[in-house]
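*Asks:* In order, the protein sequences belong to chains R and A.
The first sequence maps to residues 1 to 272 in our numbering.
The second sequence maps to residues 1 to 301 in our numbering.
Since the hints were derived computationally from the structure, they do not count as laboratory data.
Check before you lean on any hint, since a few could be wrong.
[Unchecked claim] Restricting the straight-line Cα-Cα distance to at most 25 angstroms, the calculated cross-link-like pairs of lysine to any residue (SDA-like) are: (1) LYS38(R) <-> ARG147(A); (2) LYS219(A) <-> LEU92(A); (3) LYS109(A) <-> LYS38(R); (4) LYS5(R) <-> ARG147(A).
[Stated by the list, open to error] Quick list of the computed label-pair ranges, beta carbon to beta carbon: (5) VAL20(R) <-> ALA16(A): 54 to 60 angstroms; (6) PRO216(R) <-> ALA16(A): 55 to 61 angstroms; (7) GLN58(R) <-> ARG296(A): 57 to 63 angstroms; (8) LEU215(R) <-> SER190(A): 20 to 26 angstroms; (9) LEU181(R) <-> ILE291(A): 32 to 38 angstroms; (10) THR82(R) <-> SER190(A): 56 to 62 angstroms; (11) SER14(A) <-> VAL8(R): 51 to 57 angstroms; (12) ALA189(A) <-> PHE160(R): 56 to 62 angstroms; (13) LYS188(R) <-> GLY150(A): 54 to 60 angstroms; (14) ASN174(R) <-> ILE291(A): 49 to 55 angstroms; (15) ALA204(A) <-> PRO161(R): 37 to 43 angstroms; (16) SER192(A) <-> PHE160(R): 49 to 55 angstroms.
Glycine included, each C-beta is placed from N, C-alpha and C at the ideal position.
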Amino acid sequence: MRSEKYLVVISWITLGTALVIWLFPIIWFVLASLKTPKDMYDIASFNLSPYNFLRVFQNYPIALYMRNSLILAFGSGVIAVTVGTLTAYGISHTKFRFKNPTTIFIFLVRLVPSMAVMVPLFLIFSSLGLTNTFHGLILAHAVSALPLVVIIMLGYFSDFPKELVDAAYIDGCNRFNVIYLIVIPIVKPGLTVVSIFAFIVSWNNFDISLLLGYLPQYKTMPLGLAMMNTQYGILWNLIAAAGALYILPTIILAIALQRYVVRGLTAGAIKG
Amino acid sequence: MKALTTDLMNKASSSAFGAVIILPGVLLLLLVQLYPLLYSLFISFHDYRLLRPELTEFVWLKNYIDIFSDEEFLNALSNTAIYVGLAIPIELMIGFVLALAIEKITRGKNLIRALLIVPQFMAPIAMGFVWRFLYNDEFGLINFMLRKIGIERPPLWLADPDIALYSCIIVEIWATVPIFMLLLSAGMASISSELIDAAKIDGANAIHRVRFIILPHLKPIILVALLIRGMDAFRVFDVVYSLTGGGPALSTDVLSLYLYRTAMLDRQFGDGASAAWIMMIMMLIASYVLIRTMYREGIKT
């Protein structure tokens with residue numbers, strides 16, 4: 001069995017290398033946000049300073065972008081999770097006649113190239129006056145997270161005991177009581193997972209804001225970040241600071257809630 | 001009493017109740033996804049005028065014909081083909097090796113898995129900036145290291161039209177390998193250890209075990225992952241937008257970027273819509289294969 005030990009050693013070396021490749025770029029970028037502008041061009045020198053963070057808040061409406069991103073992520077998250085969970089429950093626990101076509105339809109929506117939808121949606125939203133409004137943007141964000149919520153929740157509902165629901169009916173619950181008192185407590189881990197994912201899908205979304213929410217007062221973090229790039233040349237120290245502020249919340253969320261997150265990624269197979 | 005509760009139970013799982021709670025979600029998807037797509041199908045057959053709608057006229061397949069004689073479209077099509085065709089097999093291979101390594105070690109499995117998927121939660125736009133920072137010729141880490149080891153003129157990763165597309169593909173691979181690793185290691189964990197032990201006793205070495213036990217067991221997962229991630233790479237927008245914006249000289253222009261530029265910047269909505277529908281048709285063909293595979297292999301989600 002000496003060869004087996006050999007394999008374990010090789011595995012550790014492989015994983016060690018992988019950790020460097022996958023984490024180092026992010027750490028390097030975040031560290032750069034703490035360098036002084038002068039040090040940016042000198043790779044070896046490090047004088048940690050909060051300068052870039054102070055400057056980026058002074059020079060750009062970062063607080064506004066953050067606020068907008070949060071409004072959209074929370075607003076669309078609530079809608080996507082509520083509506084998506086109901087849909088998943090209906091598909092997995094009722095005799096709805098068009099279950100299979102509905103599932104396939106939702107699955108297909110998950111795969112549609114988003115730009116193919118966004119351009120005509122821009123035309124439709126424009127004619128309805130929904131571009132550059134929070135309710136329009138929340139609607140678009142919610143729908144973009146919806147297929148993922150349904151797909152992940154279907155996984156949770158599929159290993160959910162039907163007998164429990166029947167017992168509750170025998171005890172005299174009505175349908176909505178059953179959902180509220182029995183179903184929701186049991187699938188709570190699932191709800192945590194889809195809430196995290198709905199938040200992250202919206203927080204990370206770029207194209208909806210690019211096409212539907214481009215006016216300054218509706219810009220989100222990613223749009224703000226992308227525009228910093230073109231406006232005054234590339235100010236890398238400020239971009240690193242804004243970028244760090246933008247990516248740290250999702251990374252912290254993912255690490256803090258990792259046991260939920262792994263299940264969600266595997267179940268959804270397949271983040272959008 | 002008994003009859004009443006059974007009646008309630010039947011009602012609770014009835015088709016009508018199902019329809020009521022499924023409806024809001026489906027309605028949202030119909031209105032905000034399907035309707036725009038159908039509208040775009042309509043536009044693709046018209047000479048669409050945004051500001052003078054009364055001048056919009058039906059032009060049969062003219063937009064589609066125009067598209068296929070448009071060099072920029074063909075360029076985007078071939079860039080996308082290279083992008084998907086190179087990235088996906090490499091992602092599968094690296095992901096498979098990492099999954100094998102994760103399943104081989106005994107301690108720290110969960111921690112390492114959790115750390116490796118961290119990049120998954122980063123916005124693609126931010127990934128673009130992280131990598132532009134690494135690729136930068138003046139102060140990027142990669143060229144700094146290359147100069148250190150004696151390469152005097154390291155490549156201009158994103159500025160050289162001959163290699164920019166491959167630099168984008170590297171980022172795509174970096175972004176997606178963790179997902180392959182996660183899916184494949186979940187699949188490997190579900191192989192019974194007795195099977196592996198029995199094979200060991202029969203004298204199967206590591207390569208035999210991979211070939212005759214692990215790979216056949218993972219086949220359905222691999223097929224589904226390839227198709228789904230293939231379609232994700234096919235529609236890529238954000239990462240390339242923030243890395244290069246399609247340049248230099250359209251060398252990294254992929255279909256979604258072409259679509260965006262044609263419709264939103266050049267206001268050629270008809271051409272944009274027909275390009276969108278060519279993408280849709282390709283996606284539907286791939287989905288058909290995917291759904292058939294999933295039914296044949298008997299797996300869901």
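*Asks:* A separate judgement is required for each hint: does it hold in the structure or not?
*Replies:* Going down the list of hints, with the structure as the test:
{"no.": "1", "hint": "LYS38(R) <-> ARG147(A)", "result": "21 angstroms, holds"}
{"no.": "2", "hint": "LYS219(A) <-> LEU92(A)", "result": "12 angstroms, holds"}
{"no.": "3", "hint": "LYS109(A) <-> LYS38(R)", "result": "41 angstroms, violated"}
{"no.": "4", "hint": "LYS5(R) <-> ARG147(A)", "result": "38 angstroms, violated"}
{"no.": "5", "hint": "VAL20(R) <-> ALA16(A): 54 to 60 angstroms", "result": "57 angstroms, holds"}
{"no.": "6", "hint": "PRO216(R) <-> ALA16(A): 55 to 61 angstroms", "result": "48 angstroms, violated"}
{"no.": "7", "hint": "GLN58(R) <-> ARG296(A): 57 to 63 angstroms", "result": "60 angstroms, holds"}
{"no.": "8", "hint": "LEU215(R) <-> SER190(A): 20 to 26 angstroms", "result": "50 angstroms, violated"}
{"no.": "9", "hint": "LEU181(R) <-> ILE291(A): 32 to 38 angstroms", "result": "36 angstroms, holds"}
{"no.": "10", "hint": "THR82(R) <-> SER190(A): 56 to 62 angstroms", "result": "32 angstroms, violated"}
{"no.": "11", "hint": "SER14(A) <-> VAL8(R): 51 to 57 angstroms", "result": "55 angstroms, holds"}
{"no.": "12", "hint": "ALA189(A) <-> PHE160(R): 56 to 62 angstroms", "result": "22 angstroms, violated"}
{"no.": "13", "hint": "LYS188(R) <-> GLY150(A): 54 to 60 angstroms", "result": "58 angstroms, holds"}
{"no.": "14", "hint": "ASN174(R) <-> ILE291(A): 49 to 55 angstroms", "result": "37 angstroms, violated"}
{"no.": "15", "hint": "ALA204(A) <-> PRO161(R): 37 to 43 angstroms", "result": "39 angstroms, holds"}
{"no.": "16", "hint": "SER192(A) <-> PHE160(R): 49 to 55 angstroms", "result": "25 angstroms, violated"}
Consistency with the previously given hints fails for numbers 3, 4, 6, 8, 10, 12, 14, 16, ordered from lowest to highest.
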